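Asker: Input sequences plus hints: build the corresponding full structure.
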Amino acid sequence: MSRLAQCQEIAMLIDNEPKPPRFVDLPELSRRLCLQKSAIYELFASGELQRIKLTPKKTVVLEADLNRFIQRKVAQASQVTA
Numbered sequence: 001m002s003r004l005a006q007c008q009e010i011a012m013l014i015d016n017e018p019k020p021p022r023f024v025d026l027p028e029l030s031r032r033l034c035l036q037k038s039a040i041y042e043l044f045a046s047g048e049l050q051r052i053k054l055t056p057k058k059t060v061v062l063e064a065d066l067n068r069f070i071q072r073k074v075a076q077a078s079q080v081t082a
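For the sequence shown, position 47 matches number 47 in this note's numbering, and the numbering has no gaps at all.
Everything labelled a hint here was simulated from the structure, so no lab data went into it. Errors might be hidden in some of the hints.
[What the hints assert, rightly or not] Pairs of lysine-lysine, DSS-like flavour, derived with a Cα cap of 27 Å:
hint: 1; residue 1: 53; residue 2: 19
hint: 2; residue 1: 53; residue 2: 37
hint: 3; residue 1: 57; residue 2: 37
hint: 4; residue 1: 37; residue 2: 73
hint: 5; residue 1: 58; residue 2: 37
hint: 6; residue 1: 19; residue 2: 73
hint: 7; residue 1: 19; residue 2: 58
hint: 8; residue 1: 58; residue 2: 73
hint: 9; residue 1: 73; residue 2: 53
Keep in mind it's a predicted model, so treat the numbers as computed, not measured.
Answerer: Put into structure tokens, the structure is as follows:
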């Protein structure tokens, strides 16, 4: 097996490994959604975005949940403009 083929095989194995969940904190949520904290808390209250309270003062969201939320919003916007 060539060196290139070995490297490609290793890369495929790494890509197929499950990745651990990644947390997104409020400052990053605010940046990624272009929203203030109060608007983010409204999303939590409405159930549109699922939060995880790590401590009484630390709230996070799973990155996968955030990505799904963004995809839903993009799909909704596409339906309105279509």
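Asker: Please list, smallest to largest, the hint numbers that this structure does not respect.
Answerer: Result: no hint breaks.
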